[in-house]
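**Q** If you read the protein sequences in the order shown, they are chains A and B.
Numbers given in my numbering equal positions in the first sequence, counted from 1, plus 5.
Numbers given in my numbering equal positions in the second sequence, counted from 1, plus 1.
I should point out that these hints are in silico values taken from the structure, not numbers from a laboratory.
Keep in mind that the hints are not guaranteed to be accurate.
Facing chain B, from chain A, some residues (calculated, C-beta under 7 angstroms) [said to hold, decoys possible]:
id, residue
1, Ile13
2, Gly18
3, Asn51
4, Val59
5, Leu86
6, Met87
7, Pro98
8, Val101
Computed footprint of chain B on chain A; a stretch qualifies when at least three of its residues, placed anywhere within it, have a C-beta under 8 angstroms from a C-beta of chain B [to be verified]:
id, segment
9, 25-35
10, 63-69
11, 73-85
For glycine and all other residues, C-beta sits at the position ideal for the given N, C-alpha and C.
The chain contents come next:
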Amino acid sequence: MIYRFTCIVCPLGCAVEVKVEDGRVVGVTGHTCPRGEEWAVQEVTNPKRVVMSVVPVEGGALPTVSVKTAEPVPKEKIPELMRFLAKLKLRAPVEVGEVVAEWNGIKIVATRGA
Amino acid sequence: MFPRIPMLNYDVVVIGGGPAGMAAAVRAKELGLKVLLLDENDHLGGILPQCIHPGFGLHYFREELTGPEFAARLARKMVELGVEYKTAARVLEIKNYSDLEKVVVFTSPSGAYGVWARAVIYAAGARERHAFEIGIVGDRVSGVYTAGEAQTLMDIYGIMPGREVVIVGSGDVGLIMARRFALEGAKVKAVIELMPYPGGLARNVIILRDFDIPLYLSHKVVEVRGRGRVERVKVVKVDENLNEIPGSEFWIEADTLIISAGLVPNVKKLTAIGVEIDPSTGGPVVNDRLETSVPGIFVAGNALLINDLVDYVAEQGELAAEGAREFIENGGIGSRKWVKVEKGENVRLLAPHYLSGDRDVYLYLRVARPMEDVELRIPEIGKKMKLPVVKPAEMLRVKLKAEEIRKAEKLTVEVVRV
Numbered sequence: 006m007i008y009r010f011t012c013i014v015c016p017l018g019c020a021v022e023v024k025v026e027d028g029r030v031v032g033v034t035g036h037t038c039p040r041g042e043e044w045a046v047q048e049v050t051n052p053k054r055v056v057m058s059v060v061p062v063e064g065g066a067l068p069t070v071s072v073k074t075a076e077p078v079p080k081e082k083i084p085e086l087m088r089f090l091a092k093l094k095l096r097a098p099v100e101v102g103e104v105v106a107e108w109n110g111i112k113i114v115a116t117r118g119a
Numbered sequence: 002m003f004p005r006i007p008m009l010n011y012d013v014v015v016i017g018g019g020p021a022g023m024a025a026a027v028r029a030k031e032l033g034l035k036v037l038l039l040d041e042n043d044h045l046g047g048i049l050p051q052c053i054h055p056g057f058g059l060h061y062f063r064e065e066l067t068g069p070e071f072a073a074r075l076a077r078k079m080v081e082l083g084v085e086y087k088t089a090a091r092v093l094e095i096k097n098y099s100d101l102e103k104v105v106v107f108t109s110p111s112g113a114y115g116v117w118a119r120a121v122i123y124a125a126g127a128r129e130r131h132a133f134e135i136g137i138v139g140d141r142v143s144g145v146y147t148a149g150e151a152q153t154l155m156d157i158y159g160i161m162p163g164r165e166v167v168i169v170g171s172g173d174v175g176l177i178m179a180r181r182f183a184l185e186g187a188k189v190k191a192v193i194e195l196m197p198y199p200g201g202l203a204r205n206v207i208i209l210r211d212f213d214i215p216l217y218l219s220h221k222v223v224e225v226r227g228r229g230r231v232e233r234v235k236v237v238k239v240d241e242n243l244n245e246i247p248g249s250e251f252w253i254e255a256d257t258l259i260i261s262a263g264l265v266p267n268v269k270k271l272t273a274i275g276v277e278i279d280p281s282t283g284g285p286v287v288n289d290r291l292e293t294s295v296p297g298i299f300v301a302g303n304a305l306l307i308n309d310l311v312d313y314v315a316e317q318g319e320l321a322a323e324g325a326r327e328f329i330e331n332g333g334i335g336s337r338k339w340v341k342v343e344k345g346e347n348v349r350l351l352a353p354h355y356l357s358g359d360r361d362v363y364l365y366l367r368v369a370r371p372m373e374d375v376e377l378r379i380p381e382i383g384k385k386m387k388l389p390v391v392k393p394a395e396m397l398r399v400k401l402k403a404e405e406i407r408k409a410e411k412l413t414v415e416v417v418r419v
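Isolated chain A, as found in the complex (with noise of 0.2 angstroms):
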């Protein structure tokens, strides 16, 4: 299997190309710098993502205050991740740089105030 994609670590956008064996990767080609090459492998065994979103807050000036994770999250547990933030309300005064919540481990941080 070859995954094929463009590294995003720097503007020059190197098109990459992992070859993977059973589960594991054999080689990669077409970066031109070993932090694409690292990243690289990292996208295809364990792809990672800051996720961001709005929960509900009562009695803020905005409804809402937009939260993120307060570090990068496996992307296959995103939708996990979502289903619990949906659940989530908050009641104000909250402020920027607040842990509101926590998920597996991961802090969820507050990145406006109400």
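With the hints as your guide, set chain B onto chain A.
**A** Just chain B now, kept in the frame of chain A:
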């Protein structure tokens, strides 16, 4: 002059409370000017409070922030410095009586006011191009939004605009909204891009793969149909001259159409006082203090030209504030000569347009088409910069030294193959 409305007095009025305006107001205050910022929204930040994704501030704050966090930092600086501002304040008119006599008329919940000011910094941002502007015809149905409208609904008010979505435009805004819809459980059926290449930054194009969203390059949406609500949209392939290819039409069923077809600088109130506009940026022609062709009227941010990084927007706000201080102190922005900057090969737009050679300056520019292994050259001063890749989506920023500028009669910027 306005007998019925109270008149206020400031050195400088900043119009717009987004990143450009807030950075300008902060800098003006630091420089000792009496400054008033006006914004028509109920809250400061411009569009940043709804841009909940990360990717902001890497240059300006040396830290990766979300839009609301970036806005909160600038707003906090304003409060710490005691910058005066009014929200829900709609500017009706700018009057230019003479170089150091401007009046900004605005309404607010507490009434109408006029402000005497010696300089104005205009940072009113941009507007989005809408469905009619890009030639989409059909039924007048609900479910057609600009990307920014959908973002306001979702990320300010917590309202889901639709469930089966087609997005027009693969620029950063379109891609980011594709991700928001997908994350919130909507089906993003397609992103339709007119050009043969994606319009956004590489870090955003990856969104399509994350959510298995099909991207149609060299395609356009031409028609929207439905009874009451969007039901389907017609897509057609285009050739290299962007002409529709007959017989290539197909329909996509969807309940929502999101238009993300680019931004246009907001310049109405500037053209009303005779500010000269550059047709290629859509914003004013400016000198290296970001002063427009009307002395004492400065401009920054997306009202000047469409930026892709908020960091540059804030940087322009600061520069405009420095220009305003100089203008007020010296009664004008003078220069022994102005060096005109011209667009050469594969340069679609650039600003500023006139350089004094009195200070170092950043040139902001965009190329017309993607190229690899190129050199950005300014032949008059022998400047050369190697660039592995250039794309219209990524604004280039080049620093020129004052002494380099002084040597030249004019400057031509070109992006050519090595």
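**Q** Was the hint right that Val101 of chain A lines chain B, CB cutoff 7 angstroms?
**A** Since the shortest Cβ distance to chain B is 5 angstroms, the answer is holds.
**Q** Apply the coverage criterion to the segment 25-35 of chain A and chain B: a residue qualifies when its Cβ sits closer than 8 angstroms to a Cβ of the chain, and three qualifying residues are needed.
**A** Violated, because only 0 residues of the segment 25-35 of chain A bring their Cβ atoms closer than 8 angstroms to Cβ atoms of chain B.
**Q** Go through the hint on Ile13 of chain A and say holds or violated, using the shortest Cβ distance to chain B against 7 angstroms.
**A** holds, 4 angstroms
**Q** Is the shortest C-beta separation between Leu86 of chain A and chain B less than 7 angstroms?
**A** violated, 9 angstroms
**Q** Check whether three or more residues of the segment 63-69 of chain A sit with their beta carbon closer than 8 angstroms to a beta carbon of chain B.
**A** Since three or more residues must qualify, the claim that chain B covers the segment 63-69 of chain A holds, with 4 doing so at under 8 angstroms.
**Q** Answer holds if the nearest beta-carbon of chain B is closer than 7 angstroms to that of Asn51 of chain A; otherwise answer violated.
**A** Constraint on Asn51 of chain A not satisfied, violated at 14 angstroms.
**Q** Does the nearest C-beta of chain B fall within a distance shorter than 7 angstroms of the C-beta of Gly18 of chain A?
**A** holds, 4 angstroms
**Q** Hint check: is the beta carbon of Pro98 of chain A less than 7 angstroms from a beta carbon of chain B?
**A** Hint on Pro98 of chain A: violated, closest Cβ of chain B at ~14 angstroms, above 7 angstroms.
**Q** Measuring from the C-beta of Met87 of chain A to each C-beta in chain B, is the shortest one below 7 angstroms?
**A** Hint holds; Met87 of chain A Cβ to chain B Cβ min 6 angstroms, cut 7 angstroms.
**Q** Holds or violated: the hint that Val59 of chain A contacts chain B, with Cβ atoms closer than 7 angstroms.
**A** holds, 5 angstroms
**Q** Three residues minimum, CB to CB under 8 angstroms: does the segment 73-85 of chain A make the cut for coverage by chain B? Let me know.
**A** holds (count 3)
In the structure shown, a violation is registered for the earlier hints numbered 3, 5, 7 and 9, in ascending order.
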